[in-house]
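The hints should help you fit chains R, U and X onto chain G, whose structure is shown.
4 protein chains.
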Amino acid sequence: MSDKPSDYCGIFGIYNHPEAAAMTYYGLHALQHRGQESAGIVSSVFDEERGHYVMPMHKDFGLVLNVFEDKKIFTDKLRGLKAIGHNRYSTSGSSSNPANIQPFRVHYRNGNLALAHNGNLTNAPSLRQRFINEGILFQSTSDTELILHLISHSLKTGQFEQIMDALRQIEGAYCLVIQTDDALIAVRDPNGFRPLALGRLGDAFVVASETCAFDIIGAEYVRDIAPGEVLVIDDEAIETAKPASYMLPRKPGTDTAGCVFEYVYFSRPDSRIFGENVDKVRRQIGKHLAREHRIPDIIRSESDKKPIVISVPDSSNTAALGYAGESRKLGYDCKFEIGLIRNHYVGRTFIAPGQESRQFKVRTKFNPVRGVIEDRIVLIVDDSIVRGTTSRMLIDMIRKCNPKEIHFLVSSPPIIEPCFYGMDFPSPDELIANKFDRDVSRIARELGVDSLHYLSPQGLIEAVKEANEGKLNYCSACFTGKYPVPVEAQMGKEANELV
Amino acid sequence: MSDKPSDYCGIFGIYNHPEAAAMTYYGLHALQHRGQESAGIVSSVFDEERGHYVMPMHKDFGLVLNVFEDKKIFTDKLRGLKAIGHNRYSTSGSSSNPANIQPFRVHYRNGNLALAHNGNLTNAPSLRQRFINEGILFQSTSDTELILHLISHSLKTGQFEQIMDALRQIEGAYCLVIQTDDALIAVRDPNGFRPLALGRLGDAFVVASETCAFDIIGAEYVRDIAPGEVLVIDDEAIETAKPASYMLPRKPGTDTAGCVFEYVYFSRPDSRIFGENVDKVRRQIGKHLAREHRIPDIIRSESDKKPIVISVPDSSNTAALGYAGESRKLGYDCKFEIGLIRNHYVGRTFIAPGQESRQFKVRTKFNPVRGVIEDRIVLIVDDSIVRGTTSRMLIDMIRKCNPKEIHFLVSSPPIIEPCFYGMDFPSPDELIANKFDRDVSRIARELGVDSLHYLSPQGLIEAVKEANEGKLNYCSACFTGKYPVPVEAQMGKEANELV
Amino acid sequence: MSDKPSDYCGIFGIYNHPEAAAMTYYGLHALQHRGQESAGIVSSVFDEERGHYVMPMHKDFGLVLNVFEDKKIFTDKLRGLKAIGHNRYSTSGSSSNPANIQPFRVHYRNGNLALAHNGNLTNAPSLRQRFINEGILFQSTSDTELILHLISHSLKTGQFEQIMDALRQIEGAYCLVIQTDDALIAVRDPNGFRPLALGRLGDAFVVASETCAFDIIGAEYVRDIAPGEVLVIDDEAIETAKPASYMLPRKPGTDTAGCVFEYVYFSRPDSRIFGENVDKVRRQIGKHLAREHRIPDIIRSESDKKPIVISVPDSSNTAALGYAGESRKLGYDCKFEIGLIRNHYVGRTFIAPGQESRQFKVRTKFNPVRGVIEDRIVLIVDDSIVRGTTSRMLIDMIRKCNPKEIHFLVSSPPIIEPCFYGMDFPSPDELIANKFDRDVSRIARELGVDSLHYLSPQGLIEAVKEANEGKLNYCSACFTGKYPVPVEAQMGKEANELV
Amino acid sequence: MSDKPSDYCGIFGIYNHPEAAAMTYYGLHALQHRGQESAGIVSSVFDEERGHYVMPMHKDFGLVLNVFEDKKIFTDKLRGLKAIGHNRYSTSGSSSNPANIQPFRVHYRNGNLALAHNGNLTNAPSLRQRFINEGILFQSTSDTELILHLISHSLKTGQFEQIMDALRQIEGAYCLVIQTDDALIAVRDPNGFRPLALGRLGDAFVVASETCAFDIIGAEYVRDIAPGEVLVIDDEAIETAKPASYMLPRKPGTDTAGCVFEYVYFSRPDSRIFGENVDKVRRQIGKHLAREHRIPDIIRSESDKKPIVISVPDSSNTAALGYAGESRKLGYDCKFEIGLIRNHYVGRTFIAPGQESRQFKVRTKFNPVRGVIEDRIVLIVDDSIVRGTTSRMLIDMIRKCNPKEIHFLVSSPPIIEPCFYGMDFPSPDELIANKFDRDVSRIARELGVDSLHYLSPQGLIEAVKEANEGKLNYCSACFTGKYPVPVEAQMGKEANELV
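For the protein sequence lines, the chains are G, R, U and X, in the order given. So the first sequence is residues 1 to 499, counted in full-length UniProt numbering. So the second sequence is residues 1 to 499, counted in full-length UniProt numbering. So the third sequence is residues 1 to 499, counted in full-length UniProt numbering. So the fourth sequence is residues 1 to 499, counted in full-length UniProt numbering.
So here's chain G without its partners, still in its complex pose (with noise of 0.2 Å):
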């Protein structure tokens, strides 16, 4: 996907680790592709002085790095044996108000509470409007600050079961990571929207969004918390080498439906989610990609050189090198190659004044390497197309390196309609798979490519299962308008909000 979407956010949690917060922070760096608008740290570390545990905390706008650019945060204020992090790109809540950056930490009558969340509560709006017509005063727009309340609100004895009482409340895609006094408690919703694993380092129990956050510092994986799961580390799981786990109700008529297009594109390849590598399925994908889309069907002229097969860099990189393995497979004749450089220096701000145009944003990401192109018939692999303006500027710059012909592979499906579970597409009528009629031939005109081809609902759905082994269900709703689990009716409608 060269347009990219928004991120969603990454959690991370450990138990039990001398350098919790050090770790904590790896974790988050290796997740910073899920979200890259802030990041925060809360650990927990016991208080001599007063006799109590405190929660030390630092969070700010920045990348993980940035964030955390004084490493004296770690020695002198984020000590202690556990921690969780969080890095966010906001789908519900103003992404620059400081109030929602995450983790959120808190101080009620039963203790010391903090909590990282990744997703989008379906049940939010009705929750919301509950407390405030108690007169409750929010101070972030943020579904997370909703979870809290209902922990704290609950007429529940003890701190699990207040916790309990609150997740048997809130409807939708999340995973939470909890932090008390005593135990780091990870959750998953109960359809699996998102993914979230549980791993092993040393002593210490952690738990992350993906695992190359494991694989960062050397954690090793265990499993994956399963949909629904309440799974508590706690100093009792450390001695059992076993948390205690605990199930959440799945809501009667909706089955697990983990989110496809993590492993479309969202995903990291070197992660294992929803129980498979993703660079795996990504090349399960790309097969299936080759046997719907036939290179004899797409090129137009004869050519002495042979086809070539190019990635957009890095997302494709896998499906492309699947889609050119199966065509040659196939019996048809071709090349992988690396077509397009990518320029890893960018950061936010990056265009200067008079230079606002997407071609320029699009130069300054990639640039085509002409001696690969000129002359060939191209196929270029992307995972998916979202606005398509990104795409086009794209072709532009292949089509100046003189190829034959440019025809566009896309991993995916169109994509046609919203996420409500965390996925921050842009609306409906932005989407260019929604635009020209949703014609593809005329799609592939404004992209300026002699052909479109996108894989199949059905093809995507069987390739992730044939590499996942039909583990789980999947929702695929952003290309067919299935949603797995109802939404309320208030949902995406803007928080009337301070500014």
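These are computed hints drawn from the structure, not numbers from a lab. There's no promise every hint is true.
Where chains are identical, the list cannot tell them apart; a pair therefore holds if satisfied intra-copy or between any two copies.
As the list claims (entries may be wrong) - When the alpha-carbon atoms are kept at most 27 Å apart in a straight line, the in silico DSS-like pairs for lysine-lysine are as follows:
#1 Lys-361 <-> Lys-400
#2 Lys-306 <-> Lys-400
#3 Lys-305 <-> Lys-242
#4 Lys-361 <-> Lys-435
#5 Lys-251 <-> Lys-471
#6 Lys-404 <-> Lys-329
#7 Lys-482 <-> Lys-77
#8 Lys-156 <-> Lys-482
#9 Lys-306 <-> Lys-335
Since this is a predicted model, take the numbers as computed values, not measurements.
Chains R, U and X only, in chain G's frame:
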């Protein structure tokens, strides 16, 4: 007072001015001496696009001029015809928690609300406990947040009735400016501990802790807000030129209790508080000091040069002038001189490693003028002594200029008790007046002066009442231990706060 | 002087102190009034690893306390037993060019050299042209760089001889501290325009523009550096307790020429310069003012209240005290009062958009005390008037407090000519004294006062000489146009400078 | 190369473009890989008020996008139709001295001059000594300043003649862009060590170290600047569309000597340098590597799965593709795979305390894809090995994914000698190729691989010449010790520099 106590906040509000936020900025600047830790402004502007009012806010740690260094804040963000502002030095609440910076702003079911508060609620512990028991989450450790929760949880109908409901539940020493979408509400506690004045600037009304904030913007002083008064400044008030006024009942058995320390040290000499110019009151205090401690009774040796009266600049200047003038009137020859130069560039983090001694801190702030002091009998007038450490260093410096004698005259009585109404004195055992068995001659020896003379409590109150024509009764609990309003037992206990 | 002229630099040096850089920091802080644009320190430390001395440096735009905000600079970087420092406000050279920030530090064929300079070289244009013709590249537009090139290009053998060679070629008003690997060299120009004093702190020698820099670190004043003296402080000087002294010849036909404006306004009242306390000289000036302008000749109406004498704080305080005391001695009853409060938190970028008027600037700096001024005949004493704009605003503010009369007394003559020796006055046609045909009564009207009275040039010089016992002759060219040392024609022409 | 050597600078210049500085900014961004320590731009604009040209400058430590974060710099400051820019990583000169940041800008008797320089002058020691003896003061330790002094001291008449005079005196490996009031002058050293290309953007001419800087702004590549060419781009060049060209003589006995390491590692694959696409040359190098090291000779065990070829991204991608393709052509079955994911958010100060190990640094940069590597025979292709530490860590990580075998193929010969022409290799005894008696099998053991295979020096040069059709001779001194241009003895000795 060379041992400066912590300040305790300045508040400001303005209604119906095209540059409301900029005026607030200047007002806060004039009130900078009342709090140097943080500063903030919330304005109120109608958002045409959204069809309702919004309350833009800017606040941060630092001096007013640092927090509002970027002047674009006024044109780009803090727009609108009304605004409130706050300077803070914490007396309750952790000073390092940014959530404690005022003003506070919320949106609740009855609309927008912003609030700036100065003082201490004496029933805060029980109010807080009540909310904690209900599961309410606090974002700050500030008393001010309590008032917001009281308003938001009120069962009354209508915003103003909810505010009155909340005000009836709080006790202690406070002034408030509250901004709603329709009004600016100014409140002074029923005992009138802290000053709050009403002013006029063209078509606008202004309220401020001290009138020096009116002078800087060219506003005219109208009158003091009365003890217990709730003044509502809205469009009707602008039309009729008369804000509506409501009264809060005074706690039975209590009387008005203006903080006499405002006159002694805290307020600016160019302000008018409690109905009288501070400068005039201080001069009267200086005169009483001259009558209680007559020069011939103080000096020990003969000299052909007149004794000189010097002040610790700038807060003691007027009292010293009053002392010298009255002494001459009583027939004791003496000269007022400027014997100490104050350096005004000092900031908080001034001292270099290895020079942490108080001696250095004093030297960077004051320098004696040798030519004035040498060979003279020196009568130094200071407004108060708290810990005494700075005074001792100052005396050391003066001593090095070889005066014949040094006598220390304090224009207030010994501070021996804590203040529960907003003054941030150190704990009683750190007060020098409580050391050495409260023996003044031993304290004089400790300070290194030839004699030490405090104004008597009666003398102080008489002086204030003479100058102020008996308009108010005063609280002098820090000198006498007689607290005019009862204080809850837990007051002063540290909140269980996160770090 | 309420219309503050630009300052022109303070210099400091210390030899043989274990915390040389920290002492320099405090010294510069005490000299902050001499230059607020930039600050810098160069220390000198033996680098064991490299086997030779190095000169660590830290300098930047800003006040001393801002530039050295990070106190680790002193322990980690500016180590060593000697250091020199500089505060700067540019009079020549572009102030916005960081290359102009002093001290300057170089390594040339004869070793390390660092230099801090205050004043103006009157033969800079020809020196600069000579180097330009030779193809020498300049990094700054500062006169100081010229001195470095002169030293480096000298054909003499030995660093000290090269320095002397350079000094013999420069003319004008200057003080220098030069740091080499072995010595600290302090130089004062042969006419002695600017002050420079020698002090002692334990085993260390210190030099500084004003003695207030000695007081802050507890150093003792030893003596002034003589006009034309080159003082060499090295290990031998430490052992013998006597620095070696060399003399530069004075330009034939010229005499000593201490800048009288240092006494009038520029130096701190607690400093001793040109051999006498500034405070004492200012008091003498005030007395002369009282003799030249007697109260009965000034006031117009009858009043049952004594006329009051107020100062523009803080620079005019002593002159006002002198005026009031002498007037009383002459039999004219009057009272010294504090009628203006000065606000000390003002920074450079204070004014908000829309309030750019001078009126606002003045209000943020001064506030009159109504109770003191109302209904009184006010004699306001200020040290000088430059453009007059601030004075006019100040008078406006005082007028609003309803005094009976306002009379303006200036403790120096009208400033009518430019200074080529370091004072940064505006161009002559901007000086108020040159407007209105130099008619004092018309200027009074412009300022809004009932009368205006300047001290005569003779009166000023007499007062200074009386206080200072004729130790020096003085330059009063800004009042008289008589320049004691010739100035090159191109002086004042802007350098062809890059932006 | 996973052990990245220090970069050595990128330069850029543009003449006759309305947004010259913004174009330079983008160009520098594309050249960011050539130097990450500092960045700077000097533009040239006619100052109507002053009646002459001025050269506004902005430069600082940091990446291009950080240094130019405030985009107002382009509209408010760096105006004008021409500009030059520089990215720097120091090879000579202290990197921490801000005075070393380029471009350099001076005003001397013949006008303004700005200069950006990349490379090393091999006769810098004697040139510097000559100036030192004359008493010239240096502000930086950079070779570039020498060129400025040579120009400024030239006895020739006219700026261009002075520049030519200076160029005739310098020796070594360098490219220069020089900006005068009238022209942009691009210079490449007579041996042509470093690349420099001419491009065209509408009516403007551009020059840049690599053509990727042309692509980002949409400029067209015209031709390389020839070895020894001095190209003058002025208004006449714009009119005639042909810049004037002058030639510098080559040192007798020397030949052209393009740095072969530019092709191996340093330049971007999408650039065209020395007349050929880098990508194409690297592919040819990969093919030669395949011919020299045939898969059957490398692998040890039988496997039913094809061996996989993976690269160390991104610099080795093309060589790995070339290796895999050629191997298949030679009849050895294998697959190109993406086995390592590179994380692109890593900054300089990334590592937290306690994790200083290289292991952590490598993990934060690379993550192996377990699904790709597990159970496979892995042939990893990297462009070069310097110290070998990073390679060893990388191998460790790959080893943990349980491959059957790991073989390390290096697409260049062992680096055994220092570079005096601008490449910043560590000292020879730190190079892994010089350890273990240069025994490749022992080095393989040290790295933890089953075998290690370097491309031969002949193979490298052949590959380059085949791809590049013999347009140039190459320097491969770092592999062979044969230095094509003599180097002065003191080269590499540290300058006597101030800290």
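Hints, one by one, checked against the model:
| no. | hint | in the structure |
| --- | --- | --- |
| 1 | Lys-361 <-> Lys-400 | within (17 Å within a copy, 39 Å between copies) |
| 2 | Lys-306 <-> Lys-400 | within (20 Å within a copy, 37 Å between copies) |
| 3 | Lys-305 <-> Lys-242 | neither (59 Å within a copy, 37 Å between copies) |
| 4 | Lys-361 <-> Lys-435 | within (23 Å within a copy, 46 Å between copies) |
| 5 | Lys-251 <-> Lys-471 | within (19 Å within a copy, 70 Å between copies) |
| 6 | Lys-404 <-> Lys-329 | both (24 Å within a copy, 25 Å between copies) |
| 7 | Lys-482 <-> Lys-77 | neither (47 Å within a copy, 42 Å between copies) |
| 8 | Lys-156 <-> Lys-482 | neither (37 Å within a copy, 45 Å between copies) |
| 9 | Lys-306 <-> Lys-335 | both (7 Å within a copy, 17 Å between copies) |
In summary, the numbered hints that this structure violates are 3, 7 and 8.
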